[in-house]
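Trainee: Sequence:
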Amino acid sequence: MDVMYDCCAGLDVHQGNVVACILHGKRTSTRPKAELRTFGTTQSQLNQLADWLKSFGCQIVAMESTGVFWKPIWHVLADQFNIILANPQRIKGIPGHKTDRKDARWIAKLLRLDLIPASFVPDETIQDLRDLTRARKHLIESRNKQKNRIHQVLQCGGIKLTTYIQDVFGKSGRNMLDLLVNGEVITPEIVKPLVYTTLKKKVPQIVDAMNGFMRGHHRFMLHEILTIMDAFDASIADYESQIDILLQQYEAEVQLLTNFTGIQRESAGIILAEIGTDMSVFEDERHLASWAGLCPGNHESAGKRYSSKINHGNAYLKRILCQASWAASRSKNGDLGNFFRQKSRQRGPKKAAVATAHRMLRQIYFALLNYQEAKKRTLAATSVR
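Numbering (the numbering used here), first residue to last: 12 to 396.
Incorrect hints may have been included.
[Claimed, not checked] Subject to a maximum C-alpha distance of 25 angstroms in a straight line, what follows is the list of computed DMTMM-like cross-link-like pairs (lysine to aspartate or glutamate):
no.	residue 1	residue 2
1	K158	D241
2	K120	D90
3	K65	D125
4	K148	E251
5	K120	D17
6	K171	E235
7	K158	E195
8	K82	D111
9	K156	D241
10	K148	D134
11	K211	E195
Hints are computed from structural coordinates only; laboratory data are not their basis.
Produce the entire structure from the sequences given, and follow the hints as far as they go.
Mentor: Laid out in structure tokens, this is it:
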């Protein structure tokens with residue numbers, strides 16, 4: 012194999028330390044010199060790592076994407092070196108020969124031969140947006156767990172509100188929950204002014220459903236869970252306001268994505284947070300679809316095709332695109348809705364949703380790519396004038 016670099020470095024990253032290996036020597040040499048050294052992960056120690064790499068004239072650095080431990084190192088080295096973030100699955104060492112020093116040297120060996128594919132690392136603003144959208148998702152999931160706990164408490168107390176109120180966490184439902192927490196006597200006169208729209212016709216049934224056998228224990232449980240839910244609601248609102256601030260920089264891209272059937276502003280923000288706005292970082296639309304985990308699996312041996320199950324990919328992006336594909340399936344007109352219905356007849360609705368998400372992502376790739384190219388042409392024309 013051709014040696015691509017005279018001097019390169021591999022980093023084995025951990026929480027408390029970084030083991031660095033520099034391989035340097037002429038490209039024609041099959042036995043480059045190796046320099047190994049261990050550094051801490053504090054800012055001052057990482058600055059020493061950068062100075063040590065500079066002293067050897069290091070051309071390129073590679074490291075594994077180990078949890079979030081790589082981020083401080085990237086922050087220090089990215090402006091000073093050409094750096095590659097590698098998927099650990101792509102650079103596994105030889106089983107039975109694993110130490111930190113051997114791992115660092117193995118990464119450096121692969122890098123010297125240019126055998127490490129670079130992972131996608133978006134710019135800092137997109138990284139911040141990604142952190143916010145992912146955190147919001149986890150908060151919403153935690154809030155949903157509390158909602159399920161409330162349903163359990165109501166059933167344990169003999170309260171059958173969900174029989175007559177579809178959403179007990181709406182305005183009318185929340186008023187009823189507050190009545191239960193306060194331990195008030197439930198009468199039609201109390202309930203009627205606290206429910207809205209068509210629920211006013213169901214006041215007798217609601218009163219009957221709320222006269223269960225709730226004890227002080229149930230009221231305490233209900234009060235505490237509602238308090239936690241209110242805290243989640245406030246936190247989610249804060250996250251959403253911060254997300255909106257960051258999305259102001261990408262209003263044109265958001266508008267472009269919301270033109271797709273099934274994609275709303277919130278979904279567009281999540282998609283941009285995961286793939287960014289610069290499509291040139293992906294080889295083509297097929298590479299992006301594979302990175303997202305929306306391509307059919309490729310497993311063949313001895314002339315037999317085995318499972319075509321999709322891979323893991325980016326779970327956040329896959330989830331939001333599949334949700335958008337289900338929304339698009341309800342559209343009577345448009346390419347995506349027709350495509351979903353066609354695939355649903357052939358393979359079933361679940362596989363149709365994944366196939367539609369795949370198609371949607373490829374269309375998003377071309378939309379963003381064409382927009383960026385048009386933007387560059389406009390800027391070039393403006394600078395010439």
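Trainee: Name the hints, by number, that the structure is in violation of.
Mentor: Result: no hint breaks.
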